[in-house]
Amino acid sequence: MDSEEKYQMNSFQFGLFQKRCLVAVFIAACLAPQLAIAQVVQQAIGGIAVDAQGVLSTPTELDQEKLGQIRQQAHIHMLDDIERWTDLRAVSLKQIEAQLAESRRLEKPVPPEVLYLAGLQRVQYVLVYPQQGDVVLAGPAEGWRMDAMGNMVGLTSGRPVLLLDDLVVALRTRDVSQLEPISCSIDPTPEGIQRLRTLTSRQNRIGNIEHTLASMENALGKQVVSVTGVPPTSHFARTMVAADFRMKRLAMGMEPAPIDGMPSFLEILREGRGNPNMSPRWWLAPNYLPLAKDVAGQTWELRGQGVRCMTEQDYLDDSGRRKTSAKSGIAAQRWADTFTKRFNDLAEQDSSFGKLRNAMDLAIAAALIDQERMLDQTGLELPELIREYPIVRYHAPTQVSSQATFVQRRGDYLVSTSGGVQLLPWKVVEQSHHSAELNQIHKQLSTTSTKWYRE
361 MDSEEKYQMN SFQFGLFQKR CLVAVFIAAC LAPQLAIAQV VQQAIGGIAV
411 DAQGVLSTPT ELDQEKLGQI RQQAHIHMLD DIERWTDLRA VSLKQIEAQL
461 AESRRLEKPV PPEVLYLAGL QRVQYVLVYP QQGDVVLAGP AEGWRMDAMG
511 NMVGLTSGRP VLLLDDLVVA LRTRDVSQLE PISCSIDPTP EGIQRLRTLT
561 SRQNRIGNIE HTLASMENAL GKQVVSVTGV PPTSHFARTM VAADFRMKRL
611 AMGMEPAPID GMPSFLEILR EGRGNPNMSP RWWLAPNYLP LAKDVAGQTW
661 ELRGQGVRCM TEQDYLDDSG RRKTSAKSGI AAQRWADTFT KRFNDLAEQD
711 SSFGKLRNAM DLAIAAALID QERMLDQTGL ELPELIREYP IVRYHAPTQV
761 SSQATFVQRR GDYLVSTSGG VQLLPWKVVE QSHHSAELNQ IHKQLSTTST
811 KWYRE
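The sequence shown runs 361 to 815 under this note's numbering.
Hints listed in this document are in silico derivations from the structure and should not be mistaken for laboratory results.
We put the beta carbon where it would ideally sit given N, CA and C, even for glycine.
Be careful, since some hints might not be right.
Label pairs and their in silico Cβ distance ranges [claimed, not checked]: (1) Lys468 <-> Gly493: 21 to 31 Å; (2) Thr418 <-> Asp441: 18 to 28 Å; (3) Lys468 <-> His571: 52 to 62 Å; (4) Gln759 <-> Gly621: 41 to 51 Å; (5) Pro471 <-> Arg557: 50 to 60 Å.
Computed cross-link-like contacts, DSBU-like style, restricted to lysine-lysine with a CA-CA straight-line distance of at most 35 Å [what the hints assert, rightly or not]: (6) Lys811 <-> Lys454; (7) Lys582 <-> Lys787; (8) Lys653 <-> Lys811; (9) Lys468 <-> Lys811.
Sequences and hints are given; from them, build the entire structure.
Right under this line is the structure:
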């Protein structure tokens, strides 16, 4: 059974899904926009837009205008103890499961506090409580607001909050024995590359820059968007694609970085010397230190900033297919290193990158739950989270138009960049070490209360 088939819903579930589809994006903000606006914005959030044909692009001015209207109308209400900032808040998988079952029984929307996991902004700890029959996720948290991209972010930090939908997808794809990477990629087709090579071989000079770049973009055609390991219609998949797409736009200088000291790849090329690699490949990967755990194996800590940018150079064979070299160009490596070094600052200003880190946190937490057999340890059953709860579905991104950029210093041009996002969560959870400091965290968050979140 493939990842899409795992998420097939019966007619009753689909009825609830239709309600929750709007709930996930709008009810938390207590909105009642017209359906037409809802449909547009639902497909143009997170810094990208995907139409019904699967074409990926930047949001249009109309999309941004409608999203701005929703933000202006938003009146988000939440409990005081959820709104305030805290360095450590915990959510109970056992009690979240009960919340979802109750919402199903009463045919009511899932509360927004549950949809946004009590405002958690990272998964810092995964805790096991065998006597309570519970597994708990914990990390920094606060209330939330909608940012300019349509993402829910912390009131004061601006960092994205974790989403129930991403947790559900992570739990449903947590089987470490599958060994299928969770990934996305945006790559030109071999046919497009051949057409581009034919075009450029006939050009003796650049000539009119705009005309030349347009000809190159047309020759290369649509690039293919691929997703593995998670349903391509899920928010988790959309998060990966958005981060990859926006990373490449920053690299190619299609839009300025939202922070100082983050030059584009093209700016680095203009400053450098020598023959640059004009077929760079960048991808985003996990950047975690070995996990820490207590002696009993009941408290685990995720450490590290979460995401890094890696690079290697591509070359083309005679058929136009990309081949990968273990080497990386100096300029491409410098850009990747800068992205990694400035990631925390970048994620605070561009929530698409912070959302990717959240998704990685959840995938690693889910892989850890599977590897350590935490559900078996606790006797915890999660039918809603693992099977029944219908996640929101988006248009699956399948293709994107090519874009070309001119490098003024050398008269070179950059037509496309390859790469994507690759996450192997079971690799991250393979390495760990003991830490006595975690015993206190386990005691601090222990409770017999049936409340689904706590501090």
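Return the numbers of the hints above that this structure violates; sort them in rising order. When the structure is compared with the hints, numbers 2, 4 turn out to be violated.
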